[in-house]
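Asks: The lines below spell out each chain.
Protein chains: 2
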Amino acid sequence: MTTAELVNQIKVKKSFLCIGLDVDLNKIPQYLLATEDPIFEFNKAIIDATHDLCVSYKPNTAFYEAYGIKGWQSLEKTIQYINANYPDIFTIADAKRGDIGNTSSMYAKAFFEDLSFDSVTVAPYMGKDSVEPFLAFENKHTIMLALTSNQGAFDFQTKNVEGSQGEGELSGAKELYKTVLETSKGWNNAHNLMYVVGATKAEYFTEIRKIVPDSFLLVPGVGAQGGSLSEVCKYGMSENIGLLINSSRGIIYASNGEDFAVKAREEALKLQTEMEAILSNKSI
Amino acid sequence: MTTAELVNQIKVKKSFLCIGLDVDLNKIPQYLLATEDPIFEFNKAIIDATHDLCVSYKPNTAFYEAYGIKGWQSLEKTIQYINANYPDIFTIADAKRGDIGNTSSMYAKAFFEDLSFDSVTVAPYMGKDSVEPFLAFENKHTIMLALTSNQGAFDFQTKNVEGSQGEGELSGAKELYKTVLETSKGWNNAHNLMYVVGATKAEYFTEIRKIVPDSFLLVPGVGAQGGSLSEVCKYGMSENIGLLINSSRGIIYASNGEDFAVKAREEALKLQTEMEAILSNKSI
Numbered sequence: 001m002t003t004a005e006l007v008n009q010i011k012v013k014k015s016f017l018c019i020g021l022d023v024d025l026n027k028i029p030q031y032l033l034a035t036e037d038p039i040f041e042f043n044k045a046i047i048d049a050t051h052d053l054c055v056s057y058k059p060n061t062a063f064y065e066a067y068g069i070k071g072w073q074s075l076e077k078t079i080q081y082i083n084a085n086y087p088d089i090f091t092i093a094d095a096k097r098g099d100i101g102n103t104s105s106m107y108a109k110a111f112f113e114d115l116s117f118d119s120v121t122v123a124p125y126m127g128k129d130s131v132e133p134f135l136a137f138e139n140k141h142t143i144m145l146a147l148t149s150n151q152g153a154f155d156f157q158t159k160n161v162e163g164s165q166g167e168g169e170l171s172g173a174k175e176l177y178k179t180v181l182e183t184s185k186g187w188n189n190a191h192n193l194m195y196v197v198g199a200t201k202a203e204y205f206t207e208i209r210k211i212v213p214d215s216f217l218l219v220p221g222v223g224a225q226g227g228s229l230s231e232v233c234k235y236g237m238s239e240n241i242g243l244l245i246n247s248s249r250g251i252i253y254a255s256n257g258e259d260f261a262v263k264a265r266e267e268a269l270k271l272q273t274e275m276e277a278i279l280s281n282k283s284i
Numbered sequence: 001m002t003t004a005e006l007v008n009q010i011k012v013k014k015s016f017l018c019i020g021l022d023v024d025l026n027k028i029p030q031y032l033l034a035t036e037d038p039i040f041e042f043n044k045a046i047i048d049a050t051h052d053l054c055v056s057y058k059p060n061t062a063f064y065e066a067y068g069i070k071g072w073q074s075l076e077k078t079i080q081y082i083n084a085n086y087p088d089i090f091t092i093a094d095a096k097r098g099d100i101g102n103t104s105s106m107y108a109k110a111f112f113e114d115l116s117f118d119s120v121t122v123a124p125y126m127g128k129d130s131v132e133p134f135l136a137f138e139n140k141h142t143i144m145l146a147l148t149s150n151q152g153a154f155d156f157q158t159k160n161v162e163g164s165q166g167e168g169e170l171s172g173a174k175e176l177y178k179t180v181l182e183t184s185k186g187w188n189n190a191h192n193l194m195y196v197v198g199a200t201k202a203e204y205f206t207e208i209r210k211i212v213p214d215s216f217l218l219v220p221g222v223g224a225q226g227g228s229l230s231e232v233c234k235y236g237m238s239e240n241i242g243l244l245i246n247s248s249r250g251i252i253y254a255s256n257g258e259d260f261a262v263k264a265r266e267e268a269l270k271l272q273t274e275m276e277a278i279l280s281n282k283s284i
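Line by line, the protein sequences are chains A and B. Numbers 1 to 284, taken from the numbering used here, label the letters of the first sequence in order. Numbers 1 to 284, taken from the numbering used here, label the letters of the second sequence in order.
Excised from the complex, chain A in its bound form:
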């Protein structure tokens, strides 16, 4: 999917909601455990109930790998189901991968080709040659961690880093996440980059938009993690929207009874309604 197609979907659906499919067998309605593939059955019900209210689904690979081959099968069935039934959905493999070049190429092949995801999340620590193999895929999107929504973001991401390497003086120092954003703009096929920026730190969006004014930002942390949708949009929305707001637990675990899909739709609708108002206020 191209970025223009994603923007168009947002305008059509009046939503920039992404729903995280982080399926924990301990949290889903227990009657589903009697089915052959409880994870897929859960996802299918959630997707069928919410697909018109969101533009993206984001399975986090950890929740599938934890169940081994069966989990990987559930992931494959889920992405195939979305692609077959709702081809306008922007799919995100939340995998946070990254390795040396030839190895990153294998990950890119796994998520972009074998599983046909539109995008994958990656980690920046190993630098340019660990991310560029992902960026080489046209009309696929590489969503790099910049400023995450967890407490550990303050361990390294917000530390000040020197502006240029090898100097005795630390001139032009800025936080690591800003260095990551700025540096990545010079990488090959940087136009295929998006970034993860946590909603729990809405005040940071102004600074981030100075560095990447147009890039799409995937924003976790609304809902269960406490971030505010209106604050994020106030500081983070670009001229071309440029935001995908993720909610996982707040939607998919709205109920653990037989009404789980109905309740999930209700929670998704609340967010979509809020998003429609925000877009309307901006005449988008």
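Don't take every hint at face value.
Since copy identity is lost for identical chains, a pair holds within one copy or between any two.
As the list claims (entries may be wrong) - Simulated crosslink set (SDA-like; lysine to any residue; CA at most 20 Å straight-line):
#	residue 1	residue 2
1	K70	S105
2	K109	Q73
3	K77	Y67
4	K174	R209
5	K11	E203
6	K11	E274
7	K70	G250
8	K263	D24
9	K70	S116
10	K282	E231
11	K27	G101
Since the hints were made in silico from the structure, they are not lab data.
Since the structure of chain A is already known, use the hints to place chain B on it.
Replies: Here is chain B on its own, set in the frame of chain A:
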């Protein structure tokens, strides 16, 4: 496996060699493609031919995920084969994972419980609460990226970072990888940490040993990537050895004919012989 057991294995085998099982179907002997599970057949032959010369095998998950469910099955069969036949081997899932806390717990479950690996590699970017869920597993080992062997290591890892957060002056600045090493020493169950340090930068080992004098270091980059074994040992070996030297392509792709396992053994033997001499020189 405990660290003491690993050290004992190194002394028994006179080897601190780790063999990377990064299996690319385009590079293995083509006659294996006629078998039901070419990746597993390749690994099995390599393992049977080299298990007495090394103390560790390290499949990189990218090379398995690239083949979808079939690849995940090959990974599962490989780890099961090692655990069943060579239980004294220290197994490493080279996965470079890391996510928010409850998600990292799922990855830890995937690699430590479901697949029964002794260890897993993780990325530090998301900080303490993204790594501690791995560290909570006793007698399992979490191998965190510190200074990697690729060119991209110079993008962020070697940049100078302030010593303490929020100050106007950047006092006590040091490279990011050193900040990562030092910070991680204060995490819960830090005794379960090992670190990835690339062999291509042997001169860095002296500095690293000042920060983590006793920790095990997993060292990629010997062989195909150009690192020197003797240099790494000169600067990086601790009193308790503290090194696992990885070679992947240099061993497993020594030949792509029917003699691939024999040739792999020859390459592994060269490294083991060199390691035995180094240990002997140190009276270990």
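Asks: Each of the hints needs a verdict: does it hold here or not?
Replies: Structure-based check of all given hints:
no. : hint         : verdict
1   : K70 to S105  : between (25 Å within a copy, 18 Å between copies)
2   : K109 to Q73  : both (17 Å within a copy, 17 Å between copies)
3   : K77 to Y67   : both (14 Å within a copy, 15 Å between copies)
4   : K174 to R209 : within (15 Å within a copy, 28 Å between copies)
5   : K11 to E203  : neither (26 Å within a copy, 55 Å between copies)
6   : K11 to E274  : within (14 Å within a copy, 64 Å between copies)
7   : K70 to G250  : neither (25 Å within a copy, 34 Å between copies)
8   : K263 to D24  : within (17 Å within a copy, 45 Å between copies)
9   : K70 to S116  : both (19 Å within a copy, 16 Å between copies)
10  : K282 to E231 : within (14 Å within a copy, 61 Å between copies)
11  : K27 to G101  : between (38 Å within a copy, 17 Å between copies)
In summary, the structure is inconsistent with hints 5 and 7 from the numbered list given earlier, while agreeing with the others.
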